[in-house]
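Here are the chains, one letter per residue:
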Amino acid sequence: MSILSLHNVSKAFGSLTVTDDVTFDVPDGQALGIIGPNGAGKSTLFNLITGNLLPDAGTIRFDGRDVTREPAMRRCLSGVGRSFQIPQPFEKLTVFENLVVAATHGRGLSETEVTGICAGVLERTGLLRKANEPAGRLSLLERKRLELSRAMATGPKLLLLDEIAGGLTDGECKSLIETIQGIREEGVTIIWIEHVLHALISVVERLLVLDFGKVIAIGEPSQIMESREVREIYLGIDV
Amino acid sequence: MAAVYSVRTRTAASTFAFVVALVLVLALFAAPAFVSRGLIQDLFFILTMLTLAQFWNLLAGYGGLVSVGQQAFVGLGAYALYGAVILGGVDPVVSILLAGIAALILAVPTAFFAFRLQGAYFAIGTWVIAEVARLSVAQWRSVGGGTGTSLPRDALKEMILVEWIGDLFDTRASAARDILAYWLALVLAVLTIAGIYWLLRTKRGLALAAVRDNTEAAKSVGVDAGRMKWLVFLTSAFGTGLAGGLIYLQKARISPDAAFSVVDWTAYVIFIVVIGGIGTIEGPILGVIVFFILQNMLADYGSWYLMVLGLIGIVVMLFAPRGLWGLISEKTGLQLFPVRRRLVGGSLKGREG
Amino acid sequence: MIWVDTIVQGVLLGGLYALFAAGLSLVFGIMRLVNLAHGDLIVLGAYLILVVVTVLGLHPFIAVLLAAPIMFVLGWLLQKIVLNRTLGEDILPPLLVTFGLSVVIQNALLEGFSADSQRISVGALETASLPVGPVTVGVMPLLTFLSAVAVIIALNQLFYRTAIGRAFRATSDDPVTASLMGVRPDRVFATATAIALVVVTIAALYLGTRANFDPSVGPARLIYAFEAVIIGGLGSLWGTLAGGVIIGVAQTVGAAINPEWQILAGHVAFLLVLLIRPQGLFPRGG
Amino acid sequence: MNALLETRRLTANYGDFQALFGVDIRLNRGETVAIIGANGAGKTTLMRSITGVLKNQADQVVHDGVEIGHLPADTIMKRGIAMVPEGRKLFPSLSVEENLVIGGQHKGGSDLGDRIDSIISRFTGAPDPMELAQGHDGRGYWSLDTIYELFPILRERRDNPGTALSGGQQQMVAIGRALMSNPDVILCDEISLGLAPIVIRDIYAALPKIKETGASVIVVEQDIGQAMAVADRVYCMMEGRVTLEGRPSEISRDDIHAAYFGAAA
Amino acid sequence: QGARIRIGYVTPQSGPLAAFAEADPFILEGFEATAAGANFEVIVKDSQSNPNRAAEVAQELIVDDEIDLMLVASTPETTNPVTTTCENEGIPCISTVAPWQPWFIGQQGNPGDPASWQPFDYAYHFFWGLEDVIAVFTNMWGQLDTNKSVGGLFPNDGDGNAWGDPNVGFPPVLNELGYTLTDPGRYQNLTDDFTAQINAFKQNNVEIVTGVVIPPDFTTFWTQAKQQGFTPKAASIGKAILFPQAVEALGDTGHNLSSEVWWSPSHPFSSSLNGMTAGELAEGFTQATGRQWTQPIGFVHALFEVAADAMSRVDDAGDPDAVAEAIAATELNTIVGPLAWNGAGLPPFAARNVAKTPLVGGQWRRRDGGGYDLVIVDNQTAPDIPTGGSMEAIEG
Ligand SMILES: Nc1ncnc2c1ncn2[C@@H]1O[C@H](COP(=O)(O)OP(=O)(O)OP(=O)(O)O)[C@@H](O)[C@H]1O
Ligand SMILES: Nc1ncnc2c1ncn2[C@@H]1O[C@H](COP(=O)(O)OP(=O)(O)OP(=O)(O)O)[C@@H](O)[C@H]1O
Ligand SMILES: [Mg+2]
Ligand SMILES: [Mg+2]
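The listed protein sequences correspond, in order, to chains Y, A, F, V and B. Every letter in the first sequence is one number past the one before it in my numbering, and letter 20, counting from 1, is 22. Every letter in the second sequence is one number past the one before it in my numbering, and letter 162, counting from 1, is 203. Every letter in the third sequence is one number past the one before it in my numbering, and letter 263, counting from 1, is 302. Every letter in the fourth sequence is one number past the one before it in my numbering, and letter 7, counting from 1, is 22. Every letter in the fifth sequence is one number past the one before it in my numbering, and letter 376, counting from 1, is 378.
Simulated restraints on C-beta separations:
(1) R63(Y) - P150(A): 32 to 42 Å
(2) G151(F) - A330(B): 39 to 49 Å
(3) R316(F) - S224(Y): 50 to 60 Å
Derived SDA-like pairs: lysine to any residue, alpha-carbon spacing no greater than 20 Å straight-line:
(4) K119(F) - F138(V)
(5) K119(F) - I203(F)
(6) K226(V) - N43(V)
(7) K94(Y) - A266(A)
Simulated from the structure, these hints should not be mistaken for laboratory data. In this text, all values refer to a predicted model and were calculated from it rather than measured experimentally. Where is the CB? At the ideal position from N, CA and C, for every residue including glycine.
With these hints in hand, go ahead and build the complete structure from the sequences.
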């Protein structure tokens, strides 16, 4: 059964079509990677799935319901969690409070019920030390980790991750991969946009390639990586 | 193996502040026994302006809704009270509740309209709605139309509790009425501050802060930003209506131009909040005291007073946009009404954020 | 017949409102500045013209030519020294600062000129009228309306045909990128306010000749001016004229039904337009 | 040899957030330098600091031997440093031609405001904008005609609103707009972003012509291949720091990967 | 004697009503210079022309300054909030310069329900009433040959609602006297267009215009009327053309506008405080300030006359009931005429609290070399006051 399915979804900004007739399914519990050049429309696709943007055409179904016109907040409640590519922390709140907002509102729980959940998430993502620090003071890497943590705190069934591995050292990258693997094993479906391919490929079962808003390939990572087209368009560097 | 965590909000300063506040409130309750009537009236003025300022601050400082139309709720609340007393024969003290309810009722269509507008448009839209309310009330002949009217003296005389207070303090009825109004203002102000503080400490308060920081992100973590706006707007309207009713109960005379005055009930209130420090509970408290002192020192200088007031507003906004409390808390880190939730326990034991 | 007259007079009244609003529209359109002191600046302009008229004994229409450059410089300094510091995402600083300014101007005028009603006299022109078809039209109201149209044409020419207008539009779109083009936004804003105050001076002439003024009459008209700007749509000068006319006609038609509804009708027209088109009738680039 | 443009221990902050940590780059006269790096590495922030959109210490940016870190953006532009901003940033209220014209409207410290400020500066001791902008009169090869020659399609669309164009055409307008002031230095931030390869080729084809007229160029690119192809030297940034510098021929793909992503492939 | 008697005086020194208070310093100086004045300490508070502020300063005077007596003057916007406050506080209050109906009825809870009206215990008012102004106006109109068609300009404010009131205002009396009234309805103050009213007047062949209009609105109306070809034979207007500056603002078109005259230098009265005649008081004001005399001067002076007289008749100035009683018992010849709260010429409900002063009619006449003079043209209501000419029609 697929938890998410997009059917002929399109979105344009003025004359620029950023999402062009996109159709795909994500089976429950799967991890899907999305790659594509800068400006291909990857983040826009996320915004359409989360409801931060509404599509011009097409339908989006989540968890068996048509959510095409649902506002972002409703979709979050029904289980769509996301991270932003450009981190969007609540800067005046502490890291912990950032998570409390997500956990209380995203799951509909009371504040006392979520303390443990939030602390647990922070432990997993390694941000616990910074729990009481205002989010505005975090470095870029910490902000990205906060994005991941906050998305996890909403208790998602579907987790959308937008470029969270850039700029990590080897060790950090490994532990990030472990964290994401862990989330997967709990049964959470994951869609991950990432330029750091080795990290992506070690997690996802399927890869979707986006170019100019169009899905140009979707399938087994190894197959996709083999295809000449993808290498040319995406990597840019001749190998 | 799971570590045990808990959340702490209190600080040493806030505990101290709480005790001081408690003593202060008790002292204020007892004040009529040992201070002059003039002081009671001054305190009434301070407390009602404080209430208005807290609600405007809730609206603009926490909810991001910069309204220039709060006089609509003051005026409508006050007129509802006069209508109930004059036409319905309801006891004035009971009518204060009706004032709040009337303001709440007006707030619903106002919000439907004004929420379609953003920023400056919102501000001007609310102002126009307040004008419409003023002009409409000015057509209400049975409470005097554009002329205005006074509260019937009988109703004032027979007001509940007045006699009891008169006996208690052995004063004339007019002084007893002042004391009653003062106590009501004190209750209203304390409940307002406590209520707003409580709201900020709940998950809704946290969501309010999140929406203010980043609306898109807040929506993405399940915060219903639209409902927060409604909550804040309706609450402010209700509280502002109560304050309006109380203010005009004490004045005993009303006219549309006075009750819907944008200068008295919105501009001065904005001035108080901004001087004190927007987006904090402490700010309006400080602001109202400064405003009161300025008014007392300078009011006899007529137009010079207003000029100075205007200049102070300009200077504070330009050079200390976070107000006096902003300056103080920046220097000292002081917070009397802390809302910051600190995670303690587990491996964080003993560490302070 | 009466209805024709009512509408004609409403349109002419709309010209007055549009004139009040044109400067506001310019400033609001370019820098989203809500200037609550605009009405008081008009009154200030009227006093300035009055002083020139009394001291130099000039005809008001000539006195304007002298007052306008003074107001231009005043506007420039005001924006450069005070208002530029208030611009930004947050609408509160401009709101509070211009409100403070409004209080300061009003009371300074009160100190300087007392609360006496004043009027700028244009002699026989005041009561002159022209028969236009079935209705008689006052010469001054007609001049007011034509001046409003002329001001809007002139501002449009400035806006769309000159280098400075290009800089206005570019800065309004994106001040940061404009500064990369060698445009200095704070200067552009200062120039815009300076020009707005020239328009204010023209509005002041008609305010001062139409009826009495005293230091306190500014704010009462401010709200109509804002309504005209918002109805017209952000940054559209012709829209502002249309907005003024809508409010003017709504007022006279409302009054013809019952004078009680006169001012209310203007506000209600405003609310109705916004209910249907929250972005106004002719928003620029919208 | 003196660099034409140089940053020295350049730092930049957005509020509490530090985005640049002591960046040193230099651009020699006649050179093309590419800056690469992942999203959020700080490339755009670097461009904004050089052009004065973000304020810095005076000595953190040096142009032609003059410290310019503290100057406002318009004065820096009048010194001859033009920018093609990320995301093109055309003015939607201006037509294509007006977008171009405004780029050349203010060159050298010559407008009335500058003259007034220059007079005022004599009394207040403030920096004199006329003096600071001296040495660049903005005259040169580029004019509306030569830009239409370079990008003929723009002549056809001259009266359209800038935003009604395709992405590639918009990018051409943005480049033309920067050229209109005949700058010594032109900074291009991600000019290939979101464009089809064929369009990218067209745009990069203009680069030699631009260099011919005497401008030195900094390009910011995420497309590493493109960057390598056009640059004399490359800087790679990560997390607000320069992590790699060199000539394209001298750097290996692994170096880039390490510098770019932090982790080895 | 010892302590001086404390009087509070609330007056609109700043704001749109400031012209009413323009003579305050002159009058106060004069009062302090009199023998009686030495017994008093007068504490003056500015209402800023704002009813809210007026009530506030009244409270301050009563509670903080512990005044024995309140004086207040100038328009219902000032007198009513102050009087209401005094009444609730049980402090005696004398007020003036507001017709008695808006003062009395305007302070009743439900002005529409006469059965509910109640007299005041501490508030006393002296001025004329609408019945007087109606009599004066109709007498003036009677001097002209007109079709008896009247147009009314009544705004939705304290004065306008009283003047236009269908029971106690102009309409019933005009009806009785055979005039037809065209009353288009209550407009808001600071209206920018009067086309609706002008059209209604034209349609009904109105030859006489009356009303109680604020100055800027009358200028707007009058100018528009001229522009739209409407010139009545008479225009008798309250409030707007009270002050000479306001008439001057009309340029040449102010000639022969008519208005009620409550006080003038030719009123044959003199002060009980210092014996000055009306003419001398006006002259003194002009010498002190260089400005033309205005009508409130006499009444503000009279306010202090009444205060001094009443206080001289009480033993304990601190006893509000005694003071109120003394005021009620006043019989004094003042600079505005004889004053007594004896109910003369008043309906029973107002008899206790109101004393009436004489009213005549006047016209503004253009002076050679600029400026206007107010000439009394009708004294049928108070024959003691001499006229200076007779009523003239306005020329088209
Ligand atoms: N709100 C918007 N308005 C106009 N254009 C937009 C908007 N958001 C994105 N775009 C444009 O849409 C295109 C796709 O953007 P998007 O952010 O989806 O790309 P992406 O694939 O996520 O790229 P990257 O790898 O750089 O993150 C870009 O050209 C971008 O400029
Ligand atoms: N206005 C801003 N306020 C706060 N932080 C910002 C702002 N602009 C950029 N940043 C942050 O500064 C860091 C560097 O951003 P910058 O735009 O310079 O990166 P970049 O290398 O140009 O990335 P990209 O390839 O996405 O354009 C990022 O973490 C970004 O989130
Ligand atoms: Mg993206
Ligand atoms: Mg960038």
